[in-house]
Amino acid sequence: MYHPIPAPLYRLAAITLCVLASTAAQAAPSVTRLTPPSELFSGHAEGPIVARFLPGQRFDLQATVRPDDASKTITAARFSIDGKALNANVAIKSCEAFCNKGVPANAAIVSSRALSVIQQGIHTFTVTATQSDGQTVSAKGNFEIVPLVVGGQKIKNIIIMLGDGMGAAQRTAARIVAGGYAQGKVVQPLAMDTFPVTGMVKTASLNSIVTDSAPGMSAYALGNKNNNNEQGVFPDDTLDAFDNPRIEYLSEYLHRTQGKALGLVTTADVFDATPAANAVHTSNRGAGTGIVDQYLDDRKLSGLSVLMGGGRKWFVPASTPGSARGDKSDYAFSSTEAHTTDIVKAWGAAPGSKDKDRNLLADFQAAGFAYAGNKTEMDAIDSGKTSHLLGLFSHSNMNVALDKIDGRRQKGQGLGNAGNNRVVDDYGFPDQPMLDEMTTTALRVLEKKKEGFVLMVEGASIDKQAHAMDTERWLLDTIEFDRTVKLAQAFAAKRGDTLVIVTADHECAGVALIGGSIVSDARLQELVRDGDPALRDKTVGIYETAGFPKYRIAADGYPETTDIDHRLLVAYGANSDRFEDYRTNPLPVQDSQQPFVKTQPLAAYPVDPSQRDAQGKFMITGQVPGNSAVHTASDIPLSAFGPGAYSFTGVMDNTDVFFKMAQAAVKGVVLPAGLQAAKQK
Amino acid sequence: MRQLLLGLAVWLVCMAASAQVAPELFFKEFFNLPMGSKGLEQSAKLTSANGQTVRITGYMVQQEVPHLGRFMLSPRPVQMSEHADGEADDLPAALVTVYLDDAQKDWLIPYTRGLLSITGRLSVGRLEETDGRVSWVRLVLPTEATRGMDSTELTRYFEAQQHAH
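First to last, the protein sequences are chains B and V.
Position in the first sequence (from 1) plus 2 gives the number in the working numbering.
Position in the second sequence (from 1) plus 23 gives the number in the working numbering.
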C-alpha cells in the first residue's frame with residue numbers, strides 16, 4: 003500500500019538536506035587577514051601595491067586563519083614568497099581570549115618575524131595553513147621591493163622638520179605675521195620659503211583619507227601606510243598593542259646598516275605619536291609607559307641618542323607624585339609563546355615588562371644619557387663630552403611658544419592667587435627652552451656622530467592649538483618652528499652633507515586666511531564688550547579691505563603683540579561649535595564666556611547657549627561634532643634643502659618620502675626621471 | 024547603563040546647607056614650585072589636607088570623551104583632543120579629579136564653562152582609573168549634597184549656590 007510522506011515532514015527533510023549540502027560546500031578554513039596588507043588579498047586586484055620596502059628592510063608576515071568549525075584548530079602554517087617556502091620559524095597562536103571581539107577563540111594568528119627581501123620588484127607571498135582535520139587553505143598577497151639605484155653624493159645626515167598639522171595656510175599665516183607684506187611683496191620670507199624645492203604630499207593613512215599623527219609620521223619613517231593611532235606596525239586581530247607585525251623604521255635600517263644615530267626633538271610630550279613613530283612599534287599611540295620604555299630598551303635598534311621634549315610624567319616611578327606610569331599603558335611579552343618571543347629573537351627587541359615603579363629617568367642616565375630638566379641645565383650641558391642626551395622640560399606637553407615668550411617677557415595672565423602668575427608658572431615649569439634652542443643643543447651632540455644621524459624635529463602645538471582653534475597660539479608655534487628651520491638650514495648649508503626636509507603629517511582644522519580686521523584693536527574690544535550682534539560684519543575685511551596686516555616683531559623674534567589694529571583674520575573649515583571674538587586669548591584655551599574672571603563677575607556668566615547669544619557673542623556653528631577642530635585630508639606642502647632635495651618635487655605619496663630619503667642616504671642622490679637630461683647619442 | 028544629563032550648567036558648589044565655609048586649597052599649593060628637574064614634590068599643605076573637606080576653585084576640563092560620574096578640574100581652561108592626541112595633553116600637573124556621589128556614578132556631566140568652586144572630601148594618593156589614567160588628587164562630593172535629586176533639581180541647586188566673587 004502506498005503511504006505518502008505527510009507534507010510537513012517532507013519539507014523538513016528537504017530543508018535538512020539543503021543545510022547539509024550547504025555546510026559541506028562551505029566547510030573550509032579561511033584566511034581573514036594577510037599581512038603585509040595588499041589589494042591582491044583584500045580587493046583581488048593587482049594594484050595599487052600597498053606595501054613597499056627597501057631591499058633588506060625588515061618586516062613581519064602574518065595571517066589570521068579561522069577554522070570552519072569550533073571543534074577544530076589550525077595545526078600548521080607556512081609562508082612562501084614567489085612560490086618558495088621560507089625557512090623562518092612560523093609561530094601559531096590560538097586566539098582564545100587574546101583576540102579582538104568577533105574573532106573566534108579557535109582562530110589562529112600565524113607569524114614569521116623580521117624577514118627581508120633583496121631582489122627588487124613586485125613579489126607574491128602566500129600563507130598555507132592546515133586545519134586539524136587535514137584540510138588546508140591558502141591565500142595570496144603582494145608587496146614591492148623598491149629599487150635603489152646608484153646615484154651621486156651619499157648624504158650623511160637627514161633632518162626631518164615636522165610641523166604637526168602645518169598645511170599651506172599655516173605657513174602663509176606665519177609669513178604674513180613674521181615677515182610682513184608691502185604692496186603685495188613679502189618683506190622677510192620664512193626660512194622654509196627659501197628652500198629650493200617644494201612638492202605636495204598626499205597624507206591618507208591605511209584606513210582613512212584623514213590621517214592622525216601616528217601613521218602620518220610613520221609613513222615618512224618606514225615607507226608604509228599604518229592605521230590611524232598605530233605606528234611602526236601593521237594592524238592585526240589581537241588585543242595586545244605591542245605584538246603587531248612590525249616594519250623596520252628608517253632610523254633602525256640606517257642604524258643597522260650604517261650606524262647612524264637617531265635624534266628626536268619635540269615640543270610635545272616625547273611619548274606622543276610623532277616622535278614615537280620614528281622608533282616605537284605599537285598599535286596604541288596612547289600606551290605611554292610602554293612607549294617610553296621602548297625608547298630606551300630598544301635604543302640599540304633605533305640608535306636613539308637624543309630625546310628632548312616634555313613628558314616627565316612617564317619617566318618617574320609610579321610612587322612619585324604626578325607619575326602617569328601604569329600597567330594598563332605598558333607591555334610585557336610572554337616568555338614562552340613563539341608569537342612574541344620571536345619578536346625578541348628575530349628583531350633583537352626588548353621583551354618589555356610591567357614595571358610601573360621603574361625609574362626610567364635614572365635608567366636613561368645609567369645608560370649614558372646626560373639629563374636636562376630645564377633650559378638652564380640644558381645650556382650647561384657640555385656638548386663636546388655628551389654623546390647621549392635626554393631633555394624633559396615639562397610634565398606632559400611643553401607650554402606653547404606664546405606662553406613661553408610671554409613668560410620670558412614677564413607678562414602675567416594667570417589667576418594671580420599667589421606670587422608669579424605667568425602661564426608657565428601655573429604649569430610649574432618657568433624655565434622651558436624654545437624649540438630652536440633645543441635643536442641647537444641636539445645638533446651639537448649629533449654632529450659628532452661619525453656615521454651621521456637622522457634627526458626629527460617636531461613643532462607639535464601647531465596642530466594641538468589648531469585643534470583648539472586658538473589662532474595666535476598655533477601662529478606663534480609656526481614662527482617658533484620656522485626659526486628652527488632656519489638653523490637646520492644653516493647647519494646643512496655649512497656642511498654640505500645634510501638633507502633637510504620641512505613638512506607636516508597632515509593639515510589641521512581646515513585653516514583659511516579670510517582677510518583682515520577693518521577696525522582698531524580698541525574698537526574691536528568695544529564691539530566684543532558690548533556684545534555687538536554685528537561683530538562679524540563690523541570686523542571682517544575681505545579682499546582689498548583686508549589690506550596687509552602689519553605686526554611689529556620684537557628683538558626676541560616674535561610679535562610685540564598679536565592684538566594689533568587691523569589684524570589678520572583666520573577661519574576654520576573643520577571646526578566644532580565655537581565662539582569668535584578675533585582677539586588673542588589670554589589663556590591657553592579660550593573660555594569664551596569670560597575673557598578674564600577678574601574683569602567680569604562670575605555671577606553674570608550665562609548658563610546656556612541662548613543666553614550667550616543674548617550677550618551678542620558671535621557663535622560659529624561647527625561642521626564637525628565634538629569640541630575640537632579636526633585634521634583634514636588636504637595635501638600638505640613639503641620643502642627640501644641640501645643634496646638630494648631635487649627628489650622632492652611633484653605630488654608624492656607620504657610613503658614616497660621615505661624611499662627618497664633612503665635613496666639619498668644609501669645609494670646617493672639622484673634626479674627624478676623627469677628632470678634628467680636626455681641621454682646623449 | 025543609565026545616563027542622565029545634569030542640565031546645561033552645573034555649578035558644582037557642594038557646600039553644606041549651613042553657612043560654614045570649608046577652607047580653600049589653591050592649585051598652586053599642591054606642589055613645591057617651580058617643579059624640580061626630577062619628579063614633583065607634594066606640598067605639606069596638600070598632604071595634610073588629605074581626608075579633609077576643602078574648597079577648590081578651577082575650570083572643568085573640556086573633554087571630547089567625558090567620563091561618567093567624574094570630571095577633571097584644572098587651574099587653567101584646558102580643552103583636550105583625546106582622539107588626536109590621546110594622553111599627550113595640556114593638563115597642568117596640579118589637577119583634581121572630581122567624583123560625584125556613588126549613586127550618580129553613571130551620570131554624564133556636561134561641560135560647564137567658567138570658574139567652578141567645588142567643596143568635597145580631598146583624597147591624595149595614586150589611583151589608576153579604569154581607563155589607565157593615573158590621578159593623584161581627588162575631590163569626592165558629599166552624599167548629602169545631592170541625595171534624592173533628579174537632574175533638574177540638581178542643576179537648580181547648583182545655580183542657587185553659585186560662588187560669589
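Because the hints were derived from the structure by calculation, they are not lab data.
Every residue gets a Cβ at the ideal spot worked out from N, C-alpha and C, and that includes glycine.
Certain hints may be false.
Unchecked claim - Okay, derived cross-link-like pairs now, DMTMM-like style, lysine to aspartate or glutamate, Cα gap no bigger than 20 Å in a straight line: (1) V:LYS61 <-> B:ASP433; (2) B:LYS103 <-> B:ASP135; (3) B:LYS330 <-> V:GLU52; (4) B:LYS330 <-> V:ASP154.
Claimed, not checked - Taking CB as the label site, the calculated pair distances span: (5) V:GLN75 <-> B:GLN527: 15 to 25 Å; (6) V:GLN75 <-> B:ASP381: 37 to 47 Å; (7) B:SER336 <-> V:GLY74: 36 to 46 Å.
Checklist entry - Among the hints numbered above, which are violated by the structure, and what are their numbers in rising order? => result 2, 3, 5
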